[in-house]
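*Asks:* Sequence:
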Amino acid sequence: MTLSDPSLRRRDLAALGAAVVAVPLVALSSGPAGAAPGLAGPGLAPGAARAGGAPRLRLRRDDDGVGSAVDVALTQDPQVAARGAVLRTAAQRTDRFALLGVTWATATATAPAAGTGQVRVRVRRAGGAWGPWRAVPALHDLPDRGTGEGRTGRVATEPLWVGDSDGVQVEVTGAVHDPVLTLIDPGRHAQDDVDVDVAARPRRKARRPKIRSRRAWGAKERWATGRPKKVKTVEQVHVHHTATGNDYRKRDVPRILRAIYRYHTKTLGWSDVGYNFFVDRFGRIWAGRRDPDREIRGAHTLGFNHTSVGIAVLGSYQEVAPTPKVLAGIAKVAAWKLRKYRRDPLGTTPVKSHGSDRYPKGTWVTLPVIDGHRDTNDTECPGQYLYDALPEIRLRTARRMKKRR
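When we follow numbering that gives the first Met the number 0, the leftmost residue of the sequence shown carries the number 0, and every step to the right adds one.
Keep in mind the hints are simulated off the structure, nothing from the lab. Remember, it's a predicted structure, so these values are computed and weren't measured experimentally. From the three backbone atoms N, C-alpha and C, an ideal C-beta is built for every residue, glycine too. It cannot be assumed that every hint is accurate.
Quick list of in silico lysine-lysine cross-link-like pairs, BS3-like style, CA-CA up to 30 angstroms [stated by the list, open to error]:
{"id": "1", "residue 1": "K219", "residue 2": "K324"}
{"id": "2", "residue 1": "K209", "residue 2": "K360"}
{"id": "3", "residue 1": "K351", "residue 2": "K401"}
Simulated restraints on C-beta separations [said to hold, decoys possible]:
{"id": "4", "residue 1": "D356", "residue 2": "E391", "range": "41 to 49 angstroms"}
{"id": "5", "residue 1": "T365", "residue 2": "G145", "range": "19 to 27 angstroms"}
{"id": "6", "residue 1": "T347", "residue 2": "K401", "range": "14 to 22 angstroms"}
{"id": "7", "residue 1": "P349", "residue 2": "R187", "range": "43 to 51 angstroms"}
Turn these sequences into a full structure, and let the hints guide you.
*Replies:* This is the structure:
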């Protein structure tokens, strides 16, 4: 595949608003994924040897003048990819970036196995050493099929926050067609280092929790398209995690949110960031999708966005337990939204699926009013430890709702 391929032209890469370059994927010489080093090219040592001599991948400034990004077409031999081979790029020098993701073509009549690949990456911390290989999970936090956001036609990985880095190497396994790596640097705002709530709205009758506004994390509102659609009722609160690291600092949070927002809008073509709210590891609540005071339909729980609110905790909770502050932050948002519709946070509710990878369209499912993403979709989200904490979150929510009567 090359940049002149019709399949790449059909992607309308101009809509991504980033530079487009190409990096080859090369089949590993032997062994399964993770068993052999990456090939750096004829006559070169494996791994990062080529990184010092190859041209550096340049990121292009976004239209807001702060962040930058690049879309990298990972060129490959389609016949090799169709056999499910393990393909790997050489280690590549880059401009500084902090978040990455990979997208590729969905299955079609001529390529029914497309969309079944797995992705691993490793990065070099800025000015430092190369880190270990990391799996990048497939993105299951999705808009409903049939909506404008659900018709973008690309499979994607989760947006992976890696911190400031200046090198990347990518490994792709499976029948992946037209893979594209996106690197994003969200830039820096002066207000990132200031822990204040910028332009927050006043609490309503002491029920609305303190929510840091979109302005506080630097959302570029012109990137959000269309008119937000309000749901008719809220029957559920879906709890997610963003499957990224847990060692970020307070001043990193606005940058993480800007990078996720850019990935959702510019790379995936959604109308806004997918989640209604974020909670960071310090327990602070951040507005996600527009109009947090209204019940806006999100793009977070495929098949179940139409009567729900989505809350994403920044971090990965498959192997680390959430702090009490995180649980309190989730409960504050859940109590605020469920109280309006007189929902029982300790109960269950019947919900009609609009079509997920676990429940076909039209299926009625009885689910907890506060559930984890894995209850509706085939995913590990929100991580085992956060999922195990859901009973405590429900109790905290119930106590808060009772106290506010």
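*Asks:* For a quick check of understanding: which of the numbered hints are violated here, in increasing order?
*Replies:* 2 and 4
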